[in-house]
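K.L.:
The chain contents come next:
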Amino acid sequence: MIEAALPGAEVEVIDETGAGDHLRATVRAAQFEGLSRIDQHRLVKAAVKERFDDGQIHALSVKTEPSG
Amino acid sequence: MADAELKSKVEELIGANPVLLFMKGTPEEPRCGFSMRVVQVLDTLDVEYGAIDVLPALQPLREVTAEISDWQTFPQLYVNGELIGGADIVEEMFDSGELAEALGVEQPADTPQAAPAPAQSGPPGQSPPMQIE
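Protein sequence lines, in the order shown, are assigned to chains A and B. All residue numbers in the first sequence are consecutive under numbering that gives the first Met the number 0, ending with 67. All residue numbers in the second sequence are consecutive under numbering that gives the first Met the number 0, ending with 132.
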């Protein structure tokens, strides 16, 4: 889902509780270059918004890195 | 649609406080682990900040911050009117020294940094991080 919104991104998602609703995502994307961290996170959160809205995800911890 | 009166009040607060934390609970008694982590970082940096407990008006404040900052989870740390981020970003920027820079304070010498610094005993002036059982 994140990969679809940010083509070329490297995404690693860890399921922290085993229940699939508390996730930790590390995202590396060229699209992050030049953006502040908050804007990088906004991109990731926008990409997964649907899953929050429908309740499939309750918590998502995000770490972003530009990849150049 | 966010409450217009609440929104202008929040905007006023963000403008009036150079460092402002919206959190669950209070700095003395955080009610959420993420909020506690941001409080610990700010205490470690020894900065003055305003803190607002969002719990009494959680949903209205979510709607307001969604409009103001396109962000609706708490905690939220604002510095000079700009949303810096929540706990993840605050900790990441603290570890890298960027947060101290943004706040115009010195990175404490005795805290772990992204690049491991040689062990050295700095002045023991900082208060220890808060412990919550």
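Please note: incorrect hints may appear among the correct ones.
[Unchecked claim] Pairs of lysine-lysine, DSSO-like flavour, derived with a Cα cap of 30 Å:
{"no.": "1", "chain 1": "A", "residue 1": "48", "chain 2": "B", "residue 2": "8"}
{"no.": "2", "chain 1": "A", "residue 1": "44", "chain 2": "B", "residue 2": "8"}
{"no.": "3", "chain 1": "A", "residue 1": "44", "chain 2": "B", "residue 2": "23"}
{"no.": "4", "chain 1": "A", "residue 1": "62", "chain 2": "B", "residue 2": "23"}
{"no.": "5", "chain 1": "A", "residue 1": "48", "chain 2": "B", "residue 2": "23"}
{"no.": "6", "chain 1": "A", "residue 1": "62", "chain 2": "A", "residue 2": "48"}
{"no.": "7", "chain 1": "B", "residue 1": "8", "chain 2": "B", "residue 2": "23"}
{"no.": "8", "chain 1": "A", "residue 1": "48", "chain 2": "B", "residue 2": "6"}
{"no.": "9", "chain 1": "A", "residue 1": "62", "chain 2": "A", "residue 2": "44"}
{"no.": "10", "chain 1": "B", "residue 1": "6", "chain 2": "B", "residue 2": "23"}
{"no.": "11", "chain 1": "A", "residue 1": "44", "chain 2": "B", "residue 2": "6"}
[Said to hold, decoys possible] Residues from chain B shown here face chain A by an in silico Cβ test under 7 Å; the list is partial:
{"no.": "12", "residue": "52"}
{"no.": "13", "residue": "54"}
{"no.": "14", "residue": "69"}
{"no.": "15", "residue": "82"}
{"no.": "16", "residue": "84"}
Don't read these hints as lab results, they were simulated from the structure. Please read these numbers as outputs of a predicted model, since none were measured by experiment. A virtual CB, placed ideally from N, CA and C, is assigned to each residue, including glycine.
K.L.:
Now tell me if each hint is right for this structure.
P.N.:
Hint check results:
For a cut-off of 30 Å, the pair hint linking residue 48 of chain A to residue 8 of chain B stands: about 27 Å separates their Cα positions. At most 30 Å may separate the alpha-carbon atoms for a hinted pair to count; residue 44 of chain A and residue 8 of chain B meet this at roughly 26 Å. At most 30 Å may separate the alpha-carbon atoms for a hinted pair to count; residue 44 of chain A and residue 23 of chain B meet this at roughly 21 Å. This hinted pair checks out: residue 62 of chain A and residue 23 of chain B have alpha carbons roughly 22 Å apart, not beyond 30 Å.
For the hint linking residue 48 of chain A to residue 23 of chain B, the alpha-carbon distance of about 22 Å falls within 30 Å, and the restraint holds. Taking the CA atoms of residue 62 of chain A and residue 48 of chain A, the gap is about 16 Å. The hint holds against a cut of 30 Å. Distance check on the hinted pair: residue 8 of chain B and residue 23 of chain B sit about 18 Å apart at the alpha-carbon level, within 30 Å; holds. Taking the CA atoms of residue 48 of chain A and residue 6 of chain B, the gap is about 23 Å. The hint holds against a cut of 30 Å.
Restraint check for residue 62 of chain A and residue 44 of chain A: satisfied, since their Cα atoms lie roughly 11 Å apart, inside the 30 Å limit. Distance restraint check for residue 6 of chain B and residue 23 of chain B: the Cα-Cα separation of roughly 18 Å lies within the 30 Å cut-off, and the hinted pair is therefore satisfied. Note on residue 44 of chain A and residue 6 of chain B: the hinted pairing holds, with a Cα-Cα distance of about 23 Å set against a maximum of 30 Å. Proximity of residue 52 of chain B to chain A is violated relative to the hint, the smallest CB-CB distance being about 20 Å (cut-off 7 Å).
Here the hint on residue 54 of chain B is broken, as its CB sits about 17 Å from the closest CB of chain A, past 7 Å. Hint status for residue 69 of chain B: holds, given a least beta-carbon distance of 6 Å to chain A, under 7 Å. Checking residue 82 of chain B against chain A: minimum C-beta separation of about 6 Å stays under 7 Å; hint holds. Because the closest C-beta pair between residue 84 of chain B and chain A is about 5 Å apart, less than 7 Å, the hint holds.
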